[in-house]
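Peer 1: In case you want the letters, here they are:
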Amino acid sequence: MKDTISIRNALPSDLAGVIELDKLGSKEEKPDSWRKIFSHYVATGKNDRLFLVAEANGKVVGFIVGEVRAWEFGSPSCGWVFAVAVSPKVRETGIGRRMFDEISVRLKQSGVTTVRTMVDRDSKETLSFFRSLGLRTGRYIELEKQID
Amino acid sequence: MFALFAVLELASDPDRQLSTSDIADKYGISAHHLAKVMRNLVQEGLAQAMRGAGGGYRFAGNVNRTTLLDVIQLFEKMDSELDMPNNWSHASDPIVTELQCISNEIDNLTKAVLDTITLATALKNTRHRTESAIPIPLPKA
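Taken in order, these protein sequences are the chains called A and B. Start counting the first sequence at 0; every next residue gets the next number (numbering that gives the first Met the number 0). Start counting the second sequence at 0; every next residue gets the next number (numbering that gives the first Met the number 0).
If you're looking for bench data, these hints aren't it; they were derived computationally from the structure. One or more hints might be untrue.
[Unchecked claim] Straight line, CA to CA, 30 Å or less: simulated DSS-like cross-link-like pairs of lysine-lysine:
{"id": "1", "chain 1": "A", "residue 1": "LYS45", "chain 2": "A", "residue 2": "LYS58"}
{"id": "2", "chain 1": "B", "residue 1": "LYS76", "chain 2": "A", "residue 2": "LYS88"}
{"id": "3", "chain 1": "A", "residue 1": "LYS58", "chain 2": "B", "residue 2": "LYS110"}
{"id": "4", "chain 1": "A", "residue 1": "LYS35", "chain 2": "A", "residue 2": "LYS88"}
{"id": "5", "chain 1": "B", "residue 1": "LYS76", "chain 2": "A", "residue 2": "LYS123"}
{"id": "6", "chain 1": "B", "residue 1": "LYS76", "chain 2": "A", "residue 2": "LYS26"}
{"id": "7", "chain 1": "B", "residue 1": "LYS76", "chain 2": "A", "residue 2": "LYS107"}
{"id": "8", "chain 1": "A", "residue 1": "LYS22", "chain 2": "B", "residue 2": "LYS76"}
{"id": "9", "chain 1": "A", "residue 1": "LYS26", "chain 2": "A", "residue 2": "LYS107"}
{"id": "10", "chain 1": "A", "residue 1": "LYS123", "chain 2": "A", "residue 2": "LYS35"}
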């Protein structure tokens, strides 16, 4: 029987599952970073900070994190998605899309009508994923320089 | 661009057969040039030439695994149009190097866009455009 997958707000007890899932993608364990993110985004009661997980059989199989940011880089309020991951075991089953759709609904409820993200140019899979959801190159250009 | 028109047109309905002139007429492009493009697409496995009455071509690729860059690179190198000199004096190195750097920046951005749009994504966006197009009202009798 196919597992039922639900999308819900992350709970503090999801921390270990999120760290584990993130490690699969980034090959690095970042428990301190995730603890900080959890303290800022999970169970805060603030509806402009969103941390959603996809759960199957009690296990975290995906997550998406975002928030509303206003007037950064001169941009009026908009939603930002800054982390997303789906377990390799359940990829291409629509979970990524479902999480993105849910976070978009929540962002719209918070009053924004644009959602943005930033992706490494070499992350072809992630770029293709966001493009398949309808995102296109935005008006802002990321610039950078090494500090000597 | 001819190749992209042809591939997307065929892939938009994989069960349909279209001739070179069907596609050339629709997009207002040279059927002669398009014929060469179609032969290449068949060779690369993106299109299948149909035998028998009517003939024509059908899409034969994978819309989820083929990107716009995959199609373009069958026909051209994706390097920008800035012509770099072949023989130059060392005195002009800093200018040549700076322009090469800018040229690389343009190429990398272009490739990053084209290599992350699959045929499936491009066709989905095409369908959204069709569905959200404002219908032209019929003239009153």
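Peer 1: Confirm or reject each hint.
Peer 2: Outcome of the hint check:
no.: 1; hint: LYS45(A) to LYS58(A); verdict: holds (25 Å)
no.: 2; hint: LYS76(B) to LYS88(A); verdict: violated (36 Å)
no.: 3; hint: LYS58(A) to LYS110(B); verdict: violated (37 Å)
no.: 4; hint: LYS35(A) to LYS88(A); verdict: holds (27 Å)
no.: 5; hint: LYS76(B) to LYS123(A); verdict: holds (19 Å)
no.: 6; hint: LYS76(B) to LYS26(A); verdict: violated (34 Å)
no.: 7; hint: LYS76(B) to LYS107(A); verdict: violated (42 Å)
no.: 8; hint: LYS22(A) to LYS76(B); verdict: violated (37 Å)
no.: 9; hint: LYS26(A) to LYS107(A); verdict: violated (33 Å)
no.: 10; hint: LYS123(A) to LYS35(A); verdict: holds (28 Å)
Of the numbered hints listed earlier, those contradicted by the structure are 2, 3, 6, 7, 8 and 9.
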